[in-house]
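J.: Got chain A; can you put chain B on it based on the hints?
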Amino acid sequence: MVKVLVLLKLVPDVVEEPEIAADGRSLDPSSVRLVVSERDEHALEEALLLKERYGGTVTAVALDVPEVDDVLFTALAKGADRAVKVSGVEPGMSTWAAAAALARTLRVTPGLLPADLILTGVQAIDDLDGQTGPVVARLLELPYVSMVSRVEVDPAGHEAVVAREYAGGVTGTFEVRLPVVLGVQSAEKPPRYVPVARVRAAMKAQRLEVLPAAVEEEPAHLEVLQLSKPQVGGGAVMLEGSPEEVAAQICDLLRERGLV
Amino acid sequence: MAGDIWVLVEQWRGQVTDVTYEVLALGRELATATGGSLQAVLLGPGVAEVPPSLGAADGVLVAENTALGEPEPDLYALVLAQVIPRRQPEALLIPQTNALMGCGPLLAARLGLSCINSCRDVHLDQGRLLARCLLYGGKVEAAVVPERTPVVLGILPGARPREQGRIDRTPPCAAVSVDLPATPPVQFRGYTEPPPGDVDITREDVLVAVGRGIQRQENVALAEELAAALGGAVCGSRPVVDQGWLPASRQVGTSGMIVEPQMYLALGISGAPEHVEGMKRARLIIAINTDPRAPIFGVAHYGVTADLFDIVPLLIDRIRAARQKAAS
Numbered sequence: 001m002v003k004v005l006v007l008l009k010l011v012p013d014v015v016e017e018p019e020i021a022a023d024g025r026s027l028d029p030s031s032v033r034l035v036v037s038e039r040d041e042h043a044l045e046e047a048l049l050l051k052e053r054y055g056g057t058v059t060a061v062a063l064d065v066p067e068v069d070d071v072l073f074t075a076l077a078k079g080a081d082r083a084v085k086v087s088g089v090e091p092g093m094s095t096w097a098a099a100a101a102l103a104r105t106l107r108v109t110p111g112l113l114p115a116d117l118i119l120t121g122v123q124a125i126d127d128l129d130g131q132t133g134p135v136v137a138r139l140l141e142l143p144y145v146s147m148v149s150r151v152e153v154d155p156a157g158h159e160a161v162v163a164r165e166y167a168g169g170v171t172g173t174f175e176v177r178l179p180v181v182l183g184v185q186s187a188e189k190p191p192r193y194v195p196v197a198r199v200r201a202a203m204k205a206q207r208l209e210v211l212p213a214a215v216e217e218e219p220a221h222l223e224v225l226q227l228s229k230p231q232v233g234g235g236a237v238m239l240e241g242s243p244e245e246v247a248a249q250i251c252d253l254l255r256e257r258g259l260v
Numbered sequence: 261m262a263g264d265i266w267v268l269v270e271q272w273r274g275q276v277t278d279v280t281y282e283v284l285a286l287g288r289e290l291a292t293a294t295g296g297s298l299q300a301v302l303l304g305p306g307v308a309e310v311p312p313s314l315g316a317a318d319g320v321l322v323a324e325n326t327a328l329g330e331p332e333p334d335l336y337a338l339v340l341a342q343v344i345p346r347r348q349p350e351a352l353l354i355p356q357t358n359a360l361m362g363c364g365p366l367l368a369a370r371l372g373l374s375c376i377n378s379c380r381d382v383h384l385d386q387g388r389l390l391a392r393c394l395l396y397g398g399k400v401e402a403a404v405v406p407e408r409t410p411v412v413l414g415i416l417p418g419a420r421p422r423e424q425g426r427i428d429r430t431p432p433c434a435a436v437s438v439d440l441p442a443t444p445p446v447q448f449r450g451y452t453e454p455p456p457g458d459v460d461i462t463r464e465d466v467l468v469a470v471g472r473g474i475q476r477q478e479n480v481a482l483a484e485e486l487a488a489a490l491g492g493a494v495c496g497s498r499p500v501v502d503q504g505w506l507p508a509s510r511q512v513g514t515s516g517m518i519v520e521p522q523m524y525l526a527l528g529i530s531g532a533p534e535h536v537e538g539m540k541r542a543r544l545i546i547a548i549n550t551d552p553r554a555p556i557f558g559v560a561h562y563g564v565t566a567d568l569f570d571i572v573p574l575l576i577d578r579i580r581a582a583r584q585k586a587a588s
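Line by line, the protein sequences are chains A and B.
Per my numbering, the first sequence runs over residues 1 to 260.
Per my numbering, the second sequence runs over residues 261 to 588.
Everything labelled a hint here was simulated from the structure, so no lab data went into it.
A quick note: this is a predicted structure, and the numbers were derived from the prediction, not measured.
Among the clues, some could well be false.
Stated by the list, open to error - Not everything, but these chain A residues come out facing chain B in the computed CB check (under 8 Å):
hint, residue
1, 57
2, 174
3, 175
4, 179
5, 188
6, 228
Note that the Cβ used here is the ideal one computed from N, Cα and C, for glycine as well.
Chain B on its own, in the form it takes in the complex:
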């Protein structure tokens, strides 16, 4: 099995998630380069019916167990730690999402494997798998090679277009037997939907997003003023929500909402990968940040290196004036 590339399928609430297809697309490239096969690894109860959309894989390894109803990284790692030593793939690619976070590191810790997280790309370089990882909130990229294989790779969302990895063709599947404790130490109890917010930011055409650069809670009012002038809503990145300056319902990113507005105005947001994943599909992205090397400028269509407090009041005046002119 040397050279085989495995992709752990993320199923959440009964659905194969988009990021799985992104990772399958990357896995396909790697398997072609290594000359091995691409295997999707599907865990869960009732997985006898393999989703036909996993056709990018040459085969599907299926571990069926009623305890695997929802992704639980501790249990997933326990299962994978039984299967990997038997079949020795070259690499296991795991979507680095909230649902699976911890699974790769736990698995690697169990088996003493190399683990590389936060990969935005992986390719074969002089016979070795070379991963490119984003560190320091996206400000530094590291080129990293594992010292041993199998290697466990956590792949950030967005590594490849999801369409590339979504191929409708039911691949052959092979059942693998696993042994789980009768009472696993971590047991899933249920999901809770977010409390209804005052504004559903996923439905807004115009979003004014604030990040750490907004500095203080009282400054959020300035963003509110701009959003009101534009007829949109205010949202924010994780640090602003962590501080309690905006409710969790306004958070954009992998832990929060995925938004696709007509316009996303990012104020004082550096552009950590977790945030970018939530807003990169906006039609128009304008970013204002004092740091000319902020990663947000990599995803924005237009950027301004400036203090948001110098620009936003002037912008509010201009927008109000333009609106008045249009109305008169």
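Chain A on its own, in the form it takes in the complex:
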């Protein structure tokens, strides 16, 4: 039996082009749709796999931002046992402040801790500092392992063996005492899909727990001066024309280099 908490963060969906707001220091909220961070989706999947393998419970926790209800009900529809929305946080707070608010809320809310494992994505696309896992681990005085791609727990529930990803497809194995905070890079299987009907059913049958955030004043660690579209080195020669013309140009390029 394992008790797993999963911290989910919502981030702008980069399938759409993010536009920079007039202040030059943030994204225009009207240009972005929030979705669950891809790595957090893997963290949830790994948590559900752990529950299937060892029994126990999975609790999904997220800060209250637009679209969060959908994300939490989706977690319930996938098999999470509880979904907790942490409310009363400032929009646009830093990763550090958000992680600190989460950690403090976990600590003061009866029934959430102790957990055997706290899983979250190793980094989100909008993190400047990648600190969700590390700050939660620090504030809860737990060890932290990042780039995790597999978790096994010993039957007595005292330790876990986790795999970390390295370059070239190599995996490293580490032994860690429980409880632990894990930064998940990928789950053992692709995140499961749930049909919208199941999410709707979860919305009718289950409920989200809403907890007030235990917020304390956090020092500012960073100042964003400006956001911009990155300058790209060199840049590609763009091939123009109809699909037929473009295919012909590519074929010519390959022929010139003896590749065809």
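T.: Same frame as chain A, but now just chain B:
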């Protein structure tokens, strides 16, 4: 020590990694700008023999402990959290790689420091260190300054040419004492090599790479067809492998393989920094993507703003025709 720049040396499986030299090159520039010294920080057992290739640094700080055999970010952070308060550098630069991922954020969390990750560049601007970071999969760059120093900076691979930071001259070294628990909470057990794949993409001359734009698993067959026409192999970016559409042995990027083929045809790949690091050394890079602002066009030699499904079938026909003509 104000103004000193430190670089954490990444040693993996007994070797100083290339990215360390890239970060040393950046550190050298910063130390010159701040007027401080550049110190390489070397952790591990048996590091009494400092690699002579660390000569870009003015000195090497050596923390020797048998528990530090392989990079383990939690332990590394514990060590650095003891050394930094004593010596107060201006900045600690850490290669942002899989092996060290988490080390900088953990260290900053331990000491309450500023931490800036995903830096592609750092320079001195009006007396402050200003970092340029890639966010949103490489689609947005942020100019960020730390509110306090020391600052911990995670540097993306490729920030500087590795040759600039690899200088053969053994710098003077200073031992620093550290205290580690007898039984660290996270302990390294061993490495596992990837299972042998059907194709070794690091040995292929021609690679057809697919990304999220391939949309569905069954569409990978189209890329296979193109690769077969070209006599190459199919590989992919992380999302495709995460979905299980290609085996992990075909993944290109910092978690996967580093490839240097003659030709890399990127289909529906946006060009996140982690992917680009794995393929940017290809001799010829052609990218097809519907998004004209996709970062992949920054690294590609030729680009096409189009739907790959409009182009690839025509390209397959043309290549087959060209091959037949050449054979006849």
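J.: Residue 228/A was flagged as interface toward chain B. Is the shortest Cβ-Cβ separation under 8 Å?
T.: Hint on residue 228/A: holds, closest Cβ of chain B at ~5 Å, below 8 Å.
J.: Double-check residue 175/A for me: the hint is only fine if its C-beta lies closer than 8 Å to a C-beta in chain B.
T.: 5 Å, holds
J.: Does the closest beta carbon of chain B sit nearer than 8 Å to the beta carbon of residue 57/A?
T.: 24 Å, violated
J.: Does residue 179/A pass the interface check with chain B, least Cβ-Cβ distance below 8 Å?
T.: 10 Å, violated
J.: Return the status of the interface hint for residue 188/A: holds when the least beta-carbon distance to chain B is below 8 Å, violated otherwise.
T.: 10 Å, violated
J.: Against chain B, with CB atoms and a cut of 8 Å, does the hint on residue 174/A hold up?
T.: 5 Å, holds
Violated hints, in rising order: 1, 4 and 5; the structure is consistent with all others.
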